[in-house]
Amino acid sequence: MSTILDLIGATVIGMLLLLSAFRYWSNMSEEAAFLNQERIVQSNVTALAEVFEHDLRKIGYLKGSKLDPHDPIIRTPTDSTHLTFLADLNDDGTIDTVSYFLGPLGEVPWSPQHPFRVLYRQVKSANPYCTSQPVGSHLGLSHLHFGYYKLNGDTAAVLGDIKIIEVTLKVENPYAYASSDQRAVAFWQQKRLVGRNLRR
Amino acid sequence: MGKASLIMIIGFSVIFGLFRMNFSRDVYDASKNFTRYFNRTAVHHIAISGAEIALGKLAETNGSFNGTTVPTMHGAADITVTDYTAGEKAYKKIVSIASYSGESDTVTVLLWRQPFSRFASFLEGLTAYYIYPDTIDGPLYWHNGQLRTRGHVVFSAYVSLSEPPLIQQGDPGGNSVAEFQDGWTVDEDIPIPATNYLAVAANSGYKVTNADLYLKFLPDTTVQYKVGNGSWQTERVTTLAPNGVFAALNGHDVHVSGTAVSHVTIFAQKQGSSGGRIWIDDDLLVGPPDARASDVKNRPGMIGLVADRDVIVSKNPANNNDCIIHAGIFAASGTFYAEDYDRRGLSGTLHVIGSIVHEGYTGAFGNNGQLVSGFHELLEWDKRFGYDMPPFYPNTDRLGIISWRE
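Chains as they are written, first to last, in the working numbering: chain P, 1 to 200; chain R, 1 to 406.
Hints listed in this document are in silico derivations from the structure and should not be mistaken for laboratory results. Treat the hints loosely; a few may be bogus.
[Unchecked claim] Pairs of lysine-lysine, PhoX-like flavour, derived with a Cα cap of 25 Å:
#1 R/93 - P/63
#2 P/163 - R/297
#3 P/63 - R/297
#4 P/124 - P/63
#5 R/89 - R/297
#6 P/124 - P/163
#7 R/297 - P/124
#8 P/163 - P/63
#9 R/216 - R/226
#10 P/150 - P/191
#11 R/92 - P/63
#12 P/63 - R/57
#13 P/170 - P/191
#14 R/315 - R/216
#15 R/315 - R/226
#16 P/163 - P/150
#17 R/216 - R/92
#18 P/191 - P/163
#19 R/57 - R/93
#20 R/57 - R/89
#21 P/170 - R/32
#22 R/89 - P/63
#23 R/57 - R/92
Since this is a predicted model, take the numbers as computed values, not measurements.
Chain P on its own, in the form it takes in the complex (with noise of 0.2 Å):
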């Protein structure tokens, strides 16, 4: 009788400890795939964040000279999701239109909470050897805005007056992770002074 009652009471113990491990591989399994979006959002906000800072810091610059200040150099004002703007690039000499836009949504699967978006970028360069069409990037973007601002931090609606840039992005993972629809989130912000370039 005492050996029936120790094999039940084993049994049951080795129930619920298994019960237990499989809880923790399951929590394990979560956590591990969730760190592994972590370090994918983390990578793509830091690859987008780079392409914006290697563009931003040339707006308005041209080799060996000055654009001329009668051309507006930012050429989308107050639109918050499309920028374009003349820069040397290459350092060739020549002005480039470097354009920043957003595809339609449904270009990639969304949700109203997750609005995934294609980034475009596109260069129009009198270098032949530079490809004028857009080249589009699905690294998770659900968020772009451009703000636009005077030197003192005012709002700039009229063209002549931006002096600062501000790009805010937010990536989130396209694969949610099935039971929580829980998803890694990188936001990047920074304020660009244009007036390097710009200034009169």
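Got chain P; can you put chain R on it based on the hints?
Then chain R, alone, in the frame of chain P:
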């Protein structure tokens, strides 16, 4: 039972160990990604710091700084400054190469010795008001006197002052104040340089030394010219003055008008109290008479008027009903003014697209504030002067940034 427990413990340990490894890898990769971004940002800021340090050193040493290596922010910026010239323009190039934690970045800054045409208006010794709705659409230099504003006066470009401005409230609304869109700074005076070098430059241009010089530029690339009471002759501008400098030396004046389609500078040298004046006898243009500043941007012509004494809008029938001047005007020891401004009668509008050093009187006002003689004046800065200049136009002692590449 003991063996089973041991196997179970080892099994769990292996499984959890694998999980731990995955966790560690993800955490390591995430932090590595962040660290790499931080390093790149840091090295970029070090490169910018190097360029800023070089700019500061150039200002301290009046342009004689050649470069150095600066340890900063646990990295280093290797700074080099080189000089070169293109034509009569003098440039300095700063290259700041930064290194930090295995990353490197470069910032390149190109500077030039700024000409006086860099200022829309260069004023000395004046204390006066701008009032609403005045708009000053170009860099302004206002030294040895106080700039005063009342109401919403707009300064759309850089303002250099010798003392802080007096900013008073006014229209619209009674409590509006001036708006300095590119800021203002109190900085050192810029001395007016000697112009003798232009007499030397005129050796490769066209010069007269024994009489006044009369010039009328034509839009077909030629210039009609006359020396003293001689007869008019016509020649291509580039043939007569290959370097674009026309000069009346040894105390003579220049009379000028017409439409120029190349870069030219007209110079009048004084001798004692005689000569050194430039007379504008009729419209002096680089574009159509009805042009605004934005209309001359693609014009090939650019005119500089450099007088040891005054630049004068002549009192004559041609100037009695409007006068249009597209030029950088430099009146070294005198002013730019209208002849008999208070006795010539109403003369319309004096529209200057260019730059004025030492602006004087061009009109006289009655007690009611109405113009009673001379010109209404409209000054627009030719924005091309921000990166280009007439040949051998006088330079300031200031270096200015042409381009900044990060």
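Hint numbers not upheld by this structure, sorted from lowest to highest: 17
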